[in-house]
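What follows is each chain in one-letter form.
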Amino acid sequence: MPAEAPHFWAVFWAKLPYFFSVLLGAAGTTIKVMLGALAVALTLGLVVALLKLARMQLLRAVANVYIEIMRGTPALTQLFIIYFGLSDLGVDIPPVPAAIIGLGMNGAAYVAEIYRAGILAIHEGQVEAALSLGMTPVDAMRFIILPQATRLMLPPLCNYAVSLLKDTSLASVVAAPEIMFFARQLVTETLLSMDIYLIVAVIYLAMSIPMGRLVAHLERARRAWQ
Amino acid sequence: MIEFLGVYRQHLDDWLPELLIACIGTLELMALSFVLASMLGLAVALMRVSRSRLLQGVGIVYVEAMRGMPALVILFLIYFGLGGLGIEWLKFTSYQAAILGLGLQGGAVLGEVFRSGIEALHHGQMEAALSLGMTPATSMRWIILPQAARIVLPPVANYAIGLLKDTSVCAIIAAPELMLRAKDIASSSFRPMHLFVLAAVLYFIMSYPLSIMARWLEARLARGR
Chain A
40 MPAEAPHFWA VFWAKLPYFF SVLLGAAGTT IKVMLGALAV ALTLGLVVAL
90 LKLARMQLLR AVANVYIEIM RGTPALTQLF IIYFGLSDLG VDIPPVPAAI
140 IGLGMNGAAY VAEIYRAGIL AIHEGQVEAA LSLGMTPVDA MRFIILPQAT
190 RLMLPPLCNY AVSLLKDTSL ASVVAAPEIM FFARQLVTET LLSMDIYLIV
240 AVIYLAMSIP MGRLVAHLER ARRAWQ
Chain B
1038 MIEFLGVYRQ HLDDWLPELL IACIGTLELM ALSFVLASML GLAVALMRVS
1088 RSRLLQGVGI VYVEAMRGMP ALVILFLIYF GLGGLGIEWL KFTSYQAAIL
1138 GLGLQGGAVL GEVFRSGIEA LHHGQMEAAL SLGMTPATSM RWIILPQAAR
1188 IVLPPVANYA IGLLKDTSVC AIIAAPELML RAKDIASSSF RPMHLFVLAA
1238 VLYFIMSYPL SIMARWLEAR LARGR
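Quick mapping for you: the protein sequence lines, in order, are chains A and B.
Counted from 1, the first sequence has number 156 at position 117 by my numbering; the numbering is strictly sequential.
Counted from 1, the second sequence has number 1131 at position 94 by my numbering; the numbering is strictly sequential.
Rather than coming from a laboratory, the hints here were simulated on the basis of the structure.
Treat the numbers as computed from the prediction; the structure is a model and nothing was measured.
Hints are not guaranteed to be accurate.
Stated by the list, open to error - Derived pair list, reagent style DSS-like, types lysine-lysine, alpha-carbon separation capped at 25 Å:
| no. | chain 1 | residue 1 | chain 2 | residue 2 |
| --- | --- | --- | --- | --- |
| 1 | A | K91 | B | K1220 |
| 2 | A | K205 | B | K1220 |
| 3 | A | K205 | A | K71 |
| 4 | B | K1202 | B | K1220 |
What the hints assert, rightly or not - Quick list of simulated restraints, FRET-style, between CB atoms:
| no. | chain 1 | residue 1 | chain 2 | residue 2 | range |
| --- | --- | --- | --- | --- | --- |
| 5 | B | L1053 | A | L89 | 34 to 40 Å |
| 6 | B | Q1162 | A | A263 | 37 to 43 Å |
| 7 | A | R99 | B | I1039 | 26 to 32 Å |
Beta carbons are placed, not taken as given, at the ideal position from N, Cα and C, and that holds for glycine.
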């Protein structure tokens, strides 16, 4: 090791700006995939949550099957089905949209459970009280239920966002040009695998640790409020 | 649809045995990294509840670093990163790297689970044990951990489900498991949709019993309180 160490660090410092500029550029795609998948998950998750809370048994069953399948299989397998599988059947989806759809559909199952728990946590008496005060059902939802449910759901939703950020690294296997994808290319170019993956680790940590702090803060705020 | 299923009828006899063998690889990978994660997790949890500031700090840094990185990055650091340094004892096979990577990350996840389990117990428990003349180590072993184990079972079961699915990521460093085998057969047979759907079915068959068990444990614990 002593013989190798100076060389390792010398190369590391010399190449650092170049590696950083390439990988930070790719972080843009990572964030794009994350925000896209988050939007899909939040919207589709609401649909699944409402289906799961529906009176009709068939609708509830549809939601349950969706949730079980999405949570019972790896996100990587789902991405492979959407990208390689569908392209085999003649449906070609470009890498970034495929990653957004795949991670979003996967996330919807988790988000739906968060929504459901949030809505169920608000006591029925709250709605009744609001209605008996003369509020319309929509007003009651808007001013009584949602503000309270949001506070309950925000910490787990942010938690989901943190794990989604990490899952975007899977998009590299369907050739979406995000951090991991460029990191692998840089390694093929330069063979400096340790240097490059350490920088990648730093970039992910720089994004996920502040998000994690935010979750902890929201969690404390929620406990103080309850 | 009929055409799609027809392909299975034709090839399932060839594919299924190979994929089932790969499932054993997946379960083995899961079991070994689970053992590593449990041991590391216990060490991390004990560090975080210890009095020493230094140990607490080490525990926090470990947890933040391991939980803040994608599993894929950890696997690449171990397999390609350490392997590329040219030091003999840091060269791991893809299978060893997979166990090590998942185990290291799991240690952080389980460390937090175990810590919350230990902290959930009332301080009085520890005080009572100590005032009965037990040493801190004996009270930890006989009073705190047995009670904490019950509390942490549901989150540990949930972690195991996540771990089973995360083993699929190890296919990217070519560790011998289900997803890698499915990928190989998919590229040799030109039937990616069939193989990946089949892999999904097999993952589901492995994870569903676990998720039923997790829910049962959660319900039982909720009743016990």
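Tested hints:
no., hint, in the structure
1, K91(A) with K1220(B), "violated, 34 Å"
2, K205(A) with K1220(B), "holds, 23 Å"
3, K205(A) with K71(A), "holds, 13 Å"
4, K1202(B) with K1220(B), "holds, 16 Å"
5, L1053(B) with L89(A): 34 to 40 Å, "holds, 38 Å"
6, Q1162(B) with A263(A): 37 to 43 Å, "violated, 26 Å"
7, R99(A) with I1039(B): 26 to 32 Å, "holds, 30 Å"
Hints 1, 6 from the earlier list are contradicted by this structure; the remaining hints agree with it.
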